[in-house]
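When you get a sec, could you build the whole thing from the sequences and use the hints?
Chain order of the listed sequences is H and D. First residue of the first sequence: 21, per our numbering; consecutive thereafter. First residue of the second sequence: 63, per our numbering; consecutive thereafter.
Note that these hints are calculated values from the structure, not bench results. Please note that a few of the clues may not be correct.
[Said to hold, decoys possible] Distance condition first, Cα-Cα at most 25 angstroms in a straight line; then the derived DMTMM-like pairs of lysine to aspartate or glutamate:
1) D:Lys135 - D:Glu121
2) H:Lys22 - D:Glu156
3) H:Lys314 - D:Glu156
4) H:Lys93 - H:Glu207
5) D:Lys135 - D:Glu69
6) D:Lys81 - D:Glu121
7) D:Lys81 - D:Asp130
8) H:Lys22 - D:Glu178
9) H:Lys22 - D:Glu180
10) H:Lys93 - H:Glu141
11) D:Lys81 - D:Glu228
12) D:Lys263 - D:Glu237
13) D:Lys135 - H:Glu207
14) H:Lys314 - H:Glu295
15) H:Lys93 - H:Asp250
16) D:Lys263 - D:Asp292
17) H:Lys314 - D:Asp130
18) D:Lys263 - D:Glu228
19) D:Lys263 - D:Glu279
20) H:Lys93 - H:Asp24
21) D:Lys263 - D:Glu283
22) H:Lys22 - D:Glu237
23) H:Lys93 - H:Asp148
24) H:Lys22 - D:Glu228
[What the hints assert, rightly or not] Short, incomplete list of chain D residues facing chain H, as computed with Cβ under 8 angstroms:
25) Pro155
26) Ala165
27) Phe169
[Stated by the list, open to error] Derived DEER-like restraints, expressed as beta-carbon distance ranges:
28) D:Lys135 - H:Ser284: 38 to 48 angstroms
29) D:Asn85 - H:Leu219: 30 to 40 angstroms
30) H:Ala179 - D:Arg181: 30 to 40 angstroms
Where is the CB? At the ideal position from N, CA and C, for every residue including glycine.
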Amino acid sequence: MKRDAVIGIVLFALFALVPLGGEAYWLRLATIMLMYGVLAMSWNFIGGMAGYPSFATAAFFGLGAYTGAVAQKFGLHMGVAWLLAGLLAIVFAGLLGWALLRLRGHYFAIASLVVAEVLRELVNSATDLTGGGMGLNLPLPAMSSVDAQARFFYYAMLALAALTFAAMLAASYSRLGFGLRCIQQNESAADMLGVNTTLFKVAAFMLSAVFVGMAGAVYASWVHYIEPPDVFDVLYSVKAIVMVLLGGAGSIFGPLVGAVLFLSLEELVWREFLELHTGVLGLLIVLLVLFLPKGLLSLSQRFARQKRPA
Amino acid sequence: MSAPLLELGGVTRRFGGLKAVSNVTLAVPQGEVIGLIGPNGAGKTTLVNVITGVHPASEGTIRFAGEDITRLKPWQGARRGIARTFQIVQPFPEMTVLENVAAAAMFAGGRSYGREAEREAREHLDFVGLGGVADQRASALTLAMRKRLEFAKGLAMRPRLLLLDEVNAGLNATEVDQALALIRAISARGVTILIIEHLMKVVLSLCSRIVVLHHGELIAEGTPESIVKDPRVVQAYLGRRYAEAAGAARG
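So, in structure tokens, the structure goes:
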């Protein structure tokens, strides 16, 4: 655990240096990358550790974005609005998990997929509160320059990512993480060994929601304007899963590695193949998952095994 | 005699219209080894599932150490001291042997995460003779070793009652003898055991009492000697005509 924590601290310290480079394009990209990192690490709680394929990321993201936006509309301080978004997401996930986590496998996946759609329709129809389909404008933060704003939101996202990482590290080296790994490998056997499976799964689901909700709120403040199809986009759910699978499910650094890899691919492919970028990206992902089913990080283990004398 | 550790009162379990277990009343005294036998499909494993809460009883009550546990979930029973091994062994394949047993020590045995659970797990692994493979993956073990792993997991749960579901199925003669010695050693620690078994050699040499299930009903109960002579049992296993012929020959 110590080793992982040290690597994590060094990693995030390096990230903190990015704004010194100065270029707006890279800073924007790095902010998105950290946001993707938060989504991927969060999904790792429920999808990687517990093995439950949740598609609810988009629901938590949108819920957080709208909670933050509406709270700011009513004059709450931006920081308070972000915390409120996390709080609402975790409570929502707790209630939702209690109902949904009785389902296993595909059934759970499909049920979680529908949640974002339902929330989007609700937000669409609650026009008074959310502006409905017209979207919602957020107050501009009182900051001197556009550059200062960009740096501020970069550091906000960095802090959130570091927090998510710390939570994941703590969970993974604890009774909770151990119990989740038992559930992932054989839920009936875990139950028989005294693991309160429902409680553990709901806890994992709540952890997978809280940071995503906050990321949604930070995102909303960052871009100043949100609308339902943007923040309840099912692609957030899909991307989180793809990133974790690319990096290595259930591992500590897998989600982060996956986020970096995915964003690089997305950006490169988008620049080179403007017309068919989604198609090329999809093909690359299929190839990666096909040949590296346990993620990129499994490569290092494979090398380590080969080096060891037989 | 003290109150029995496990008491089943009129326990029935239905699956749709089928009664897999029908009106079973049974008492398992503290410290004894009870054998549960019956032809294939008699409902033996279902009865274990009902006791542990995997498939809760449709009717009747189950009491464990004086407490009504009929409606408890498996993990709640596990924390009260009910451990079971599976007919088809169920380790956590990607974890090491040590982690498998540590999980049992932690979640059912009440040990804290980390060193304490691992130290206890090592003791149990040494006891069942798996100390040498503690750091291997559970999926790398042979069948006989996996069965031993089930024993170690069961022990790490600090059980008062151990339900053994065909722990000897698929083992060769030597391995069966080793398993027998292990079960005796566990029983000597004061653990009450309910064992489902097809091998009569095992049942006869271990059990103080045997109960026989057939079509979900309890058809006979008694000492090993009386059970093998019981015409209802012979009939259940070998058919009515054989039982009549055997009875005539004896009579």
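Each hint, compared with the structure:
1. D:Lys135 - D:Glu121: holds, 16 angstroms
2. H:Lys22 - D:Glu156: holds, 23 angstroms
3. H:Lys314 - D:Glu156: With Cα atoms ~13 angstroms apart, Lys314 (chain H) and Glu156 (chain D) stay inside 25 angstroms; holds.
4. H:Lys93 - H:Glu207: Not OK: Lys93 (chain H) and Glu207 (chain H) at ~44 angstroms, beyond 25 angstroms, violated.
5. D:Lys135 - D:Glu69: holds, 17 angstroms
6. D:Lys81 - D:Glu121: holds, 11 angstroms
7. D:Lys81 - D:Asp130: holds, 22 angstroms
8. H:Lys22 - D:Glu178: Roughly 19 angstroms between the alpha carbons, so the hint for Lys22 (chain H) and Glu178 (chain D) holds.
9. H:Lys22 - D:Glu180: holds, 19 angstroms
10. H:Lys93 - H:Glu141: holds, 20 angstroms
11. D:Lys81 - D:Glu228: The hint holds at about 22 angstroms.
12. D:Lys263 - D:Glu237: holds, 14 angstroms
13. D:Lys135 - H:Glu207: holds, 13 angstroms
14. H:Lys314 - H:Glu295: Violated, at roughly 31 angstroms.
15. H:Lys93 - H:Asp250: Holds: Lys93 (chain H) and Asp250 (chain H) sit about 19 angstroms apart, inside 25 angstroms.
16. D:Lys263 - D:Asp292: holds, 17 angstroms
17. H:Lys314 - D:Asp130: Since the Cα atoms of Lys314 (chain H) and Asp130 (chain D) sit roughly 45 angstroms apart, the hinted pair is violated (cutoff 25 angstroms).
18. D:Lys263 - D:Glu228: holds, 13 angstroms
19. D:Lys263 - D:Glu279: Answer holds: Lys263 (chain D) to Glu279 (chain D) is near 24 angstroms, not above 25 angstroms.
20. H:Lys93 - H:Asp24: Between Lys93 (chain H) and Asp24 (chain H) the Cα gap is close to 40 angstroms, so the pair fails against 25 angstroms, i.e. violated.
21. D:Lys263 - D:Glu283: Holds, at roughly 18 angstroms.
22. H:Lys22 - D:Glu237: violated, 43 angstroms
23. H:Lys93 - H:Asp148: Since the Cα atoms of Lys93 (chain H) and Asp148 (chain H) sit roughly 12 angstroms apart, the hinted pair holds (cutoff 25 angstroms).
24. H:Lys22 - D:Glu228: Violated. Lys22 (chain H) to Glu228 (chain D) sits at ~43 angstroms, over the 25 angstroms cutoff.
25. Pro155: holds, 6 angstroms
26. Ala165: holds, 5 angstroms
27. Phe169: Holds: closest Cβ of chain H sits about 4 angstroms from Phe169 (chain D), inside 8 angstroms.
28. D:Lys135 - H:Ser284: 38 to 48 angstroms: holds, 46 angstroms
29. D:Asn85 - H:Leu219: 30 to 40 angstroms: Holds, at about 35 angstroms.
30. H:Ala179 - D:Arg181: 30 to 40 angstroms: Cβ of Ala179 (chain H) to Cβ of Arg181 (chain D): about 39 angstroms, so the range 30 to 40 angstroms holds.
Consistency with the previously given hints fails for numbers 4, 14, 17, 20, 22, 24, ordered from lowest to highest.
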